[in-house]
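Construct the entire structure; sequences and hints are all you get.
There are 2 protein chains.
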Amino acid sequence: MLNSGIRALTFDVFGTVVDWRSSVMHEAAVMELRVDAGKFADDWRAGYPRAMARVRSGELGWTSIDVLHRQILDELIEKYKITGLTEAGKVHLNRVWHRLDPWPDSARGLALLRRKFVCATLSNGNVSLLVDLARHGGLTWDCVLSAELYRAYKPDAKVYLGAAETLGVKPAETMMVAAHKGDLLAARKAGLQTAFVERPLEKGPGGGADIGKEDWMDVYAKDFVDLARQLGVAA
Amino acid sequence: MLNSGIRALTFDVFGTVVDWRSSVMHEAAVMELRVDAGKFADDWRAGYPRAMARVRSGELGWTSIDVLHRQILDELIEKYKITGLTEAGKVHLNRVWHRLDPWPDSARGLALLRRKFVCATLSNGNVSLLVDLARHGGLTWDCVLSAELYRAYKPDAKVYLGAAETLGVKPAETMMVAAHKGDLLAARKAGLQTAFVERPLEKGPGGGADIGKEDWMDVYAKDFVDLARQLGVAA
Chain A
26 MLNSGIRALT FDVFGTVVDW RSSVMHEAAV MELRVDAGKF ADDWRAGYPR AMARVRSGEL
86 GWTSIDVLHR QILDELIEKY KITGLTEAGK VHLNRVWHRL DPWPDSARGL ALLRRKFVCA
146 TLSNGNVSLL VDLARHGGLT WDCVLSAELY RAYKPDAKVY LGAAETLGVK PAETMMVAAH
206 KGDLLAARKA GLQTAFVERP LEKGPGGGAD IGKEDWMDVY AKDFVDLARQ LGVAA
Chain B
26 MLNSGIRALT FDVFGTVVDW RSSVMHEAAV MELRVDAGKF ADDWRAGYPR AMARVRSGEL
86 GWTSIDVLHR QILDELIEKY KITGLTEAGK VHLNRVWHRL DPWPDSARGL ALLRRKFVCA
146 TLSNGNVSLL VDLARHGGLT WDCVLSAELY RAYKPDAKVY LGAAETLGVK PAETMMVAAH
206 KGDLLAARKA GLQTAFVERP LEKGPGGGAD IGKEDWMDVY AKDFVDLARQ LGVAA
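Sequence order for the protein chains is A and B.
As numbered in our numbering, the first sequence has no gaps in its residue numbers, which increase by one up to the final residue, 260.
As numbered in our numbering, the second sequence has no gaps in its residue numbers, which increase by one up to the final residue, 260.
Calculated directly from the structure, the hints in this document are not laboratory data.
Some hints here could point you the wrong way.
Which copy? The list can't say, so a pair holds if one copy fits it or any two copies do.
[What the hints assert, rightly or not] Heads up, simulated DSSO-like pairs for lysine-lysine below, C-alpha to C-alpha not over 27 Å straight-line:
(1) K206 x K183
(2) K247 x K104
(3) K206 x K141
(4) K228 x K106
(5) K106 x K214
(6) K247 x K206
(7) K247 x K228
(8) K141 x K115
So this is what it looks like as structure tokens:
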């Protein structure tokens, strides 16, 4: 059995549960930023691992994603020579990361998975952002867990081990669900099981998404409904 | 307006959301403990603030409620001369605190309140216990917060302030909901708004519940549905 002993699932959120790229592109259009929206979204997202690396290295103290997103946005406003945004407009735009739309299967697949497993977020996004995303997308979690609670960012093992401890389960009874191999490899190293979910459009229609089955993955799923089916939940 | 500026509600759980006494009594009967079930439930519950006080004073290091409940249970097994319980039976009995039934209005009132406010637990119970209670009782939270995340027990101000910070709101934008005045007074001192909810049967039909309106309470409600009505949510 693939899912022998699984009691809890922990989910990466950006890219795995929600489609950050098209949501940010939509916001760039609505806000009339007059930029290449796809490139702007990609640049904003690309700044995020760099910013987190500065926190992980100790160069920056603990800094929430909201603050990191704003620092990156301020750089992009210069780079793209975006004018006419008031401070209130910048605050609103920065909070697009609280209003990202879920992939079409996310809410339904999650509801199926919750019939059998405790389902929690496990994101580098801060808790209040994750709560907003859930309310925005109609997603129901058993528990909202974030790197913020462990004062460390994924792929630090502390985050995966902390989540299992908080949920009262062993690492081996926990399955990390993500559309990114790096996240799953780190979870696996910490002793968790792993489920890869394909999100071929995460980086846009031009490709570049992190897909492809690997031997070490415990489950490889097309989407959350397929994941539920593979884990023995009848749809 | 009573609720001016409220963005998040944080809920005490034992006694406020769930009816611990009748749930423990039911379990004592099912497990055939041959004890005065009401007295047994009251004794078990009474041991809990004493045990937490030992953690707060530093006599005990950080100890989860599951472990504290088990220590109290072991004392009660001696006191009541309960025989015939296997270790597996004791583990099962101790987990009755993960299977407490909600008050009849809890799920419906919570669903109403979530239409307008972010709703989170804020209990001294550990996260995994709170997740189990929510799944058992069909309760949907935006976020499960616990004293465990702040490594301090209510009424320590750190817990109330920590919850507001985690939810990304100011203390004054947060309303603590509880059936116990001590909890609300501590929340108020930390700068939160307060809503008292009457649970006249918490200590059983003989009375003893902590009820009665006080001037300092921002809201005094009969139950969660009444609280929703008073906070401007149309039923």
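Quiz prompt | Violated hints, by number in ascending order, as checked against the structure | solution = Result: hints 2 and 5 break, sorted rising.
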